[in-house]
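Below are the chains, spelled out letter by letter.
There are 2 protein chains.
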Amino acid sequence: MKIGIVGGTGDIGEGMAMRLSPIFEVIVGSREAEKAEQTCRMGLEIQKKRGIDCSLTGVSNQAAIDDADIVILAIPFKHLAGTLETLHGFEGKTVISPVNPMEKRDFFITVPPEDGSAALMIKRLLPSDAKICTAFNTIAANKWKALDEELAYSVPVCGDDASAKHEVMGIVNKVSKLHAFDAGPLAASSLVESLTPLLLNIARYNKMHDVGIQFH
Amino acid sequence: MKIGIVGGTGDIGEGMAMRLSPIFEVIVGSREAEKAEQTCRMGLEIQKKRGIDCSLTGVSNQAAIDDADIVILAIPFKHLAGTLETLHGFEGKTVISPVNPMEKRDFFITVPPEDGSAALMIKRLLPSDAKICTAFNTIAANKWKALDEELAYSVPVCGDDASAKHEVMGIVNKVSKLHAFDAGPLAASSLVESLTPLLLNIARYNKMHDVGIQFH
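If you're matching them up, the sequences are chains E and C in order.
So in the numbering used here the end of the first sequence lands on 223, straight run, no missing numbers.
So in the numbering used here the end of the second sequence lands on 223, straight run, no missing numbers.
Only chain E is shown next, with the shape it has when bound in the complex:
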């Protein structure tokens, strides 16, 4: 299975690529293909030293979409609409949104778009047969990157296409100790997108780092 990561050289995207590439064929996209190639070269070296085989290819964001079966939009919310405008080829693809529309004021808070959530905004901006799923929203960049640490967290997954959601939950469950939970239709994504600002507040006010979540 080929997973394309749009924004794959960003903080979160890079960590995702490192964690996913020993399991799946990962295509790292960036606005500049060269930057993606460089990220992948470095990533392959790091994994080689750890004795781990992986599949990492750096290309442009557009090529990452074109070559992939599943696309992850690892883009900060503020760049989401602008980036999607420049890209095409999402028809029929499964698209994963880990995007959280939030702001840091005195504390972190969700600032959802008029659609109600980043996920619903993506649904509006992409072709109607793209299968959008919310996933990976609460895994901090530092956690993705700490390759020797287990990710023992719960991951709520929303989506309207049952088989795409099932597929995404399968991907989640293959990464470290992540545990996927079906969190309902895409319209319930606003609840998932509210978790990360809460976790950031908890980290800040309790002097913790990179707080994660478990459901049980």
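No lab work stands behind these hints, which were simulated from the structure alone.
Yeah, the Cβ is synthetic: ideal placement off N, Cα and C, and Gly gets one too.
Mixed in with the good hints, there may be bad ones.
[Claimed, not checked] Just the calculated beta-carbon pair ranges, DEER-fashion: (1) C:Val118 x E:Ala148: 31 to 37 Å; (2) E:Gly96 x C:Lys214: 33 to 39 Å; (3) C:Asn180 x E:Ala148: 27 to 33 Å; (4) C:Ala148 x E:Lys56: 34 to 40 Å; (5) C:Glu157 x E:Glu156: 57 to 63 Å; (6) C:Val118 x E:Gln221: 25 to 31 Å; (7) C:Gly99 x E:Arg211: 38 to 44 Å.
[Said to hold, decoys possible] Dumping the calculated BS3-like pairs for lysine-lysine here, alpha-carbon to alpha-carbon at most 25 Å: (8) C:Lys152 x E:Lys181; (9) E:Lys214 x C:Lys214; (10) C:Lys214 x E:Lys184; (11) C:Lys85 x C:Lys55; (12) C:Lys184 x E:Lys214; (13) E:Lys9 x E:Lys150; (14) C:Lys55 x C:Lys184.
Please build the complex by placing chain C on the supplied structure of chain E, with the hints as guidance.
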């Protein structure tokens, strides 16, 4: 320390009273004092059979406020404003809101009031020197009532008065294995109030019961 529970004969309030009364002096309030008295008689019997001493007194909602140092508003969101209109005497008291403004449509979703959260609505409706804190939002009624089960959950607590928040976190940490986390100012409560509909969706779509949450 005297804790008054407004709505203490409701589903959640009753379970809270059972869990809190072995630790604190609990005053159960109800629209009908007689109903509160009956609930407390039954509660005392149940605890006696378990060999547990507790302090449970049933009174009217108003008397529960008047006699208590700390007041818990165990009221469903839809009755919150109407109930608060009929009550007074909150001046200077610490007031705990476990209230979640949510609706069940095809799935559960938050439907916050114009204030942004139930907590901020309570702040507007009560005297300005009442010290509102959000707490206990995600503990399901069935969990409160299952007295022989441990409550091994995280409890985010929001509030603007530092000493009241500290006091509320202390109360949370004395109940079973609950673990309080400072989740920031009262204005961050909307993030906390979004958790319960998410947990209800997860329970529903994964065929689970009374899902709880842990931060770590």
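Taking the hints in turn, this is what the structure says about them:
no. : hint                            : in the structure
1   : C:Val118 x E:Ala148: 31 to 37 Å : 32 Å, holds
2   : E:Gly96 x C:Lys214: 33 to 39 Å  : 37 Å, holds
3   : C:Asn180 x E:Ala148: 27 to 33 Å : 31 Å, holds
4   : C:Ala148 x E:Lys56: 34 to 40 Å  : 52 Å, violated
5   : C:Glu157 x E:Glu156: 57 to 63 Å : 27 Å, violated
6   : C:Val118 x E:Gln221: 25 to 31 Å : 27 Å, holds
7   : C:Gly99 x E:Arg211: 38 to 44 Å  : 29 Å, violated
8   : C:Lys152 x E:Lys181             : 36 Å, violated
9   : E:Lys214 x C:Lys214             : 35 Å, violated
10  : C:Lys214 x E:Lys184             : 21 Å, holds
11  : C:Lys85 x C:Lys55               : 35 Å, violated
12  : C:Lys184 x E:Lys214             : 21 Å, holds
13  : E:Lys9 x E:Lys150               : 23 Å, holds
14  : C:Lys55 x C:Lys184              : 22 Å, holds
In terms of the numbered hints stated before, the structure departs from hints 4, 5, 7, 8, 9, 11, listed from lowest to highest.
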